[in-house]
Amino acid sequence: DQQVKQNSPSLSVQEGRISILNCDYTNSMFDYFLWYKKYPAEGPTFLISISSIKDKNEDGRFTVFLNKSAKHLSLHIVPSQPGDSAVYFCAAITGNQFYFGTGTSLTVIP
Amino acid sequence: DAGVIQSPRHEVTEMGQEVTLRCKPISGHNSLFWYRQTMMRGLELLIYFNNNVPIDDSGMPEDRFSAKMPNASFSTLKIQPSEPRDSAVYFCASSRDRKETQYFGPGTRLLVL
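Residue numbers (my numbering), protein chains in the order written: chain A, 10 to 119; chain B, 57 to 169.
Hints listed in this document are in silico derivations from the structure and should not be mistaken for laboratory results. Certain hints may be false.
What the hints assert, rightly or not - Straight-line alpha carbon distances no greater than 27 angstroms define the calculated DSS-like cross-link-like pairs of lysine-lysine that follow: (1) A:Lys77 - B:Lys124; (2) B:Lys155 - A:Lys65; (3) B:Lys155 - A:Lys14; (4) A:Lys63 - A:Lys14; (5) B:Lys124 - B:Lys134; (6) A:Lys63 - B:Lys155; (7) A:Lys80 - A:Lys63; (8) A:Lys14 - A:Lys65; (9) A:Lys77 - A:Lys65; (10) A:Lys80 - B:Lys155; (11) A:Lys80 - A:Lys65; (12) B:Lys80 - B:Lys134; (13) B:Lys80 - B:Lys124; (14) A:Lys14 - A:Lys80; (15) A:Lys77 - A:Lys63.
These numbers were taken from a predicted model, which means no experiment stands behind them.
Sequences are here, hints too, so could you generate the full structure?
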């Protein structure tokens, strides 16, 4: 049972444009959400997080939006850069339970 | 700090053999996590330790998998006997607390023939 879903396995965006990565979840008890970025042959690295009491968190070019009524999370990258090309995982936490999505591979085209 | 250290980085073994994966968390981190990454299921949490005590092992696939954390600086994930379907990348991560940022190791790529 996939409680966190990333329905787009891949996404291609032109350099300088906005990248929007989406994540849907099913458990309304999730109280903390995170985005991780992963390059090939490396472990995931933390990117940005958001608590369920907020609907937006911004860090430089990265903004995470949370829509609790729709159980939807999105990561916006503006402007996109070639170095952003990686696999992005969303994750959700409730209690001692951690769930990751299957990832979206982002390619930023120069 | 060197970050989370995992060994070996790659492991190729035959079905039925015992496999032991090792992890050294970041010093001072109280929480340690073992994950498995596959194409089909993405990143799955296998087990989570807090202060060396297993808190949640509900993600461990079956009895063939076991994990230990004998002290704050070392953990092992053992598969005995291994099967081809265990082939995956296994990540270890640590954090100061369960909701703090998790820092991942480079992973161990396991291939069971």
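So, going through the hints one by one against the coordinates:
no.: 1; hint: A:Lys77 - B:Lys124; verdict: violated (37 angstroms)
no.: 2; hint: B:Lys155 - A:Lys65; verdict: holds (18 angstroms)
no.: 3; hint: B:Lys155 - A:Lys14; verdict: holds (20 angstroms)
no.: 4; hint: A:Lys63 - A:Lys14; verdict: holds (20 angstroms)
no.: 5; hint: B:Lys124 - B:Lys134; verdict: holds (8 angstroms)
no.: 6; hint: A:Lys63 - B:Lys155; verdict: holds (16 angstroms)
no.: 7; hint: A:Lys80 - A:Lys63; verdict: holds (13 angstroms)
no.: 8; hint: A:Lys14 - A:Lys65; verdict: holds (20 angstroms)
no.: 9; hint: A:Lys77 - A:Lys65; verdict: holds (11 angstroms)
no.: 10; hint: A:Lys80 - B:Lys155; verdict: holds (20 angstroms)
no.: 11; hint: A:Lys80 - A:Lys65; verdict: holds (14 angstroms)
no.: 12; hint: B:Lys80 - B:Lys134; verdict: holds (15 angstroms)
no.: 13; hint: B:Lys80 - B:Lys124; verdict: holds (12 angstroms)
no.: 14; hint: A:Lys14 - A:Lys80; verdict: holds (11 angstroms)
no.: 15; hint: A:Lys77 - A:Lys63; verdict: holds (9 angstroms)
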